[in-house]
Amino acid sequence: MVKQSYALIAKKYSTLILLFILVLLNTLFTPNFFQMSNLNNSITQICPIVFCGMGMTLVISTGGIDISVGSIMALAGVLTAKLMPQTGLFPALVVSVLVAVLVGAFTGIMVGRLRLQPMVITLGLMLGIRGVAQVLCDGRDIYFDKLGETGKQLGLWGTYKIGGVVPIQVIPIVLSIAIVWIIVEKTVLGRQIQAVGDNLKSSALAGINTGRTMMIVYGMSAFFAAFAGIFQAAKVSVAAGSSLGQLAELDAIAAVVIGGTPMSGGKAHVFGTVIGILIMQMITLTCIMNNIPEQYAQVFKAIMIVFAVFIQREKLK
Amino acid sequence: MQVMKKINTFFYSKSTILAFLLLIIAASIVFREEGFLSSANIFNVLLKISKNGGYIALGMTFVILCAEIDLSAGAVFALSGVVMGIIGQSNPYLGMAAGLLVGIASGAMIGFMVTKMRISSWIASLATMFALRGLILIIAKKSLVIDGDILTFANAKVLKGAIPGMKSGISILIPLLFIVIFICMYISRYTKYGMNLYAVGGNCEAARMMGIDVDKTKIMAFICSGFLASFSGILLASSSGSATLSAGNTYETYAIAMCAIGGVKLSGGEGKFSGTFFGMLIYFIINTIFTYLPTNITVHWQSIIMGILVLVSVGVQTDAFQNIKLRKKME
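Protein sequences appear in the order of chains A and B.
Residues in the first sequence are numbered from 522 upward in steps of one, following the working numbering.
Residues in the second sequence are numbered from 5 upward in steps of one, following the working numbering.
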């Protein structure tokens with residue numbers, strides 16, 4: 522009996538244990554692992570994935586999927602860079618985030634009201650919006666240092682360090698995790714999201730406005746994706762329509778699933794997703810710091826993702 | 005009323021073919037001076053389908069029919085070409101076999117992860133994609149040159165003089181494409197495996213209770229997808245004479261889009277191979293049209309048009325709007 526409960530606990534915290542083991546192995550075997558610069562680098566690197574992952578956690582817990590986030594990242598980044606010189610920084614930001622949210626709300630209406638498959642809708646948007654982003658920037662990369670004062674301002678969003686030490690990305694990361702956690706755990710909306718994911722029909726019969734719930738969820742996913750795109754562009758000071766946010770949706774999905782949110786929906790593990798993101802970052806970091814070549818790192822990453830998902834998968838009913 | 009309903013269902017079920025016909029007619033009128041409807045151009049489109057990963061969409065249809073997804077197809081496409089380039093240096097036919105084996109093995113691996121380890125096919129195929137892309141860079145440092153017997157096979161011409169306007173014959177790849185499509189259609193319609201495929205995709209639990217070996221069906225579907233992806237990769241490598249390392253990048257996305265345009269339901273259990281074929285035709289005809297357009301219209305518009313097509317095709321093919329009416333009535 523006691524043995525079984527140990528097994529259950531081990532299963533429940535399996536991803537956390539995996540993360541712990543990874544950190545432990547790194548402290549033992551990787552030289553210069555515990556350094557401030559290392560931590561700061563990690564924070565700036567995981568910023569876009571955290572945003573996308575938070576939105577994706579909500580979407581996947583409704584039983585859907587949103588593969589358009591990478592393209593929305595590109596659209597938001599390019600649109601901001603395009604508008605900035607004329608309108609100034611904040612109007613440009615507001616417009617591009619608004620456009621992204623509208624796209625998300627469109628997905629939500631299609632999925633929630635018309636009951637179309639989220640996979641197809643977001644696939645169409647993924648192709649279409651990537652094209653729009655590329656047409657907007659004419660297939661060229663927009664460099665921020667050529668945009669004058671506003672370009673420098675936005676560049677600061679990616680490079681500024683609070684007190685000269687901690688990167689600015691810490692604030693939005695914490696904020697986004699907190700917002701999504703509060704929504705999922707403390708609000709009626711969170712309950713509704715998970716109910717919709719569990720059983721759409723019965724939750725509609727129970728009086729939940731499923732259309733509205735879907736609209737909010739996909740709108741939020743796009744909202745987070747837009748900020749992810751802006752922060753990512755700010756970090757490298759370039760807005761590139763073709764490469765910005767490429768494969769971001771797949772990284773986000775992998776992080777969410779490693780975190781224990783089932784693809785079939787009905788449950789949202791916000792902190793699980795955070796752990797998933799940290800595990801992925803840890804794997805990347807381990808490979809880079811031990812001078813493992815990129816191609817071997819990719820194989821290693823693939824094996825670790827499969828392993829992490831394997832140890833925490835749901836029991837067969 | 006009855007007639008209206010019949011017309012309605014006709015438009016729903018044949019919408020892909022109608023879209024295809026509309027596209028052909030419009031394109032042949034607009035581009036009649038460039039010779040859009042000439043047999044040379046038609047064969048060119050078919051050649052593009054067989055070289056640039058049209059087969060991936062066929063393989064993807066197998067996987068989607070049983071309600072899974074395969075993101076690794078593009079990587080398999082590239083890896084099989086590279087493997088053929090390396091092993092084929094000594095014996096070209098051994099190289100071809102090895103390339104095909106790559107696809108079968110990766111399909112079997114994904115199938116094993118999905119069915120036995122119960123990992124979501126998204127994650128399983130995504131991880132496979134990462135691993136194979138890494139593997140390509142491990143086994144080859146730069147693009148490979150392929151020559152010898154394979155080149156003569158892949159660029160062979162058949163049906164010399166049989167088709168008017170094509171005196172030198174057509175490439176062997178075109179009849180091959182039709183043979184593969186007919187095999188796929190035959191499997192899905194007239195074999196036990198095809199029936200199982202639809203049953204598993206429609207309702208996995210019900211299929212299990214009926215005594216269908218769900219795991220085997222899914223593994224076979226992934227193997228089909230891997231096999232067709234590697235087949236396609238081999239055809240591209242052997243007909244162009246080189247195996248590039250980054251070949252097939254994002255092809256899986258376009259393959260899924262072709263399936264969606266062709267009316268294959270991504271939740272599984274519904275769709276036809278003929279639909280996928282028309283989806284492939286539509287995609288590659290649009291692709292060809294862009295070569296006729298003036299250069300100031302960038303190729304990026306192609307991706308926008310594909311996106312709109314996917315959205316419209318989903319809107320037309322599902323009875324979503326009728327659903328809303330029905331639900332309103334019930335409430």
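Calculated from the structure, these hints are not laboratory results.
Treat the hints with care, as some may be off.
Computed, partial: chain B to chain A, Cβ under 7 Å [said to hold, decoys possible]:
id : residue
1  : Thr119
2  : Arg122
3  : Ile123
4  : Ile127
5  : Leu130
6  : Gly138
7  : Ile143
8  : Ala144
9  : Ile185
10 : Phe186
11 : Met189
12 : Met213
13 : Met214
14 : Gly273
15 : Ile312
16 : Val314
The following residues of chain B were derived to be distant from chain A, with all beta-carbon distances above 10 Å [to be verified]:
id : residue
17 : Gly206
18 : Thr257
19 : Lys276
Quick look at which bits of chain A chain B covers, simulated, 3 or more residues with Cβ under 8 Å [claimed, not checked]:
id : region
20 : 636-645
21 : 651-664
22 : 762-776
23 : 811-820
24 : 828-834
Since we're looking at a predicted model, the values are computed, not measured.
C-beta atoms are modelled at their ideal positions from N, C-alpha and C, and glycine is treated no differently.
So, going through the hints one by one against the coordinates:
no. : hint    : result
1   : Thr119  : 11 Å, violated
2   : Arg122  : 5 Å, holds
3   : Ile123  : 5 Å, holds
4   : Ile127  : 5 Å, holds
5   : Leu130  : 5 Å, holds
6   : Gly138  : 3 Å, holds
7   : Ile143  : 9 Å, violated
8   : Ala144  : 10 Å, violated
9   : Ile185  : 23 Å, violated
10  : Phe186  : 27 Å, violated
11  : Met189  : 23 Å, violated
12  : Met213  : 14 Å, violated
13  : Met214  : 18 Å, violated
14  : Gly273  : 12 Å, violated
15  : Ile312  : 6 Å, holds
16  : Val314  : 3 Å, holds
17  : Gly206  : 15 Å, holds
18  : Thr257  : 7 Å, violated
19  : Lys276  : 17 Å, holds
20  : 636-645 : holds (count 8)
21  : 651-664 : holds (count 7)
22  : 762-776 : holds (count 4)
23  : 811-820 : holds (count 6)
24  : 828-834 : holds (count 3)
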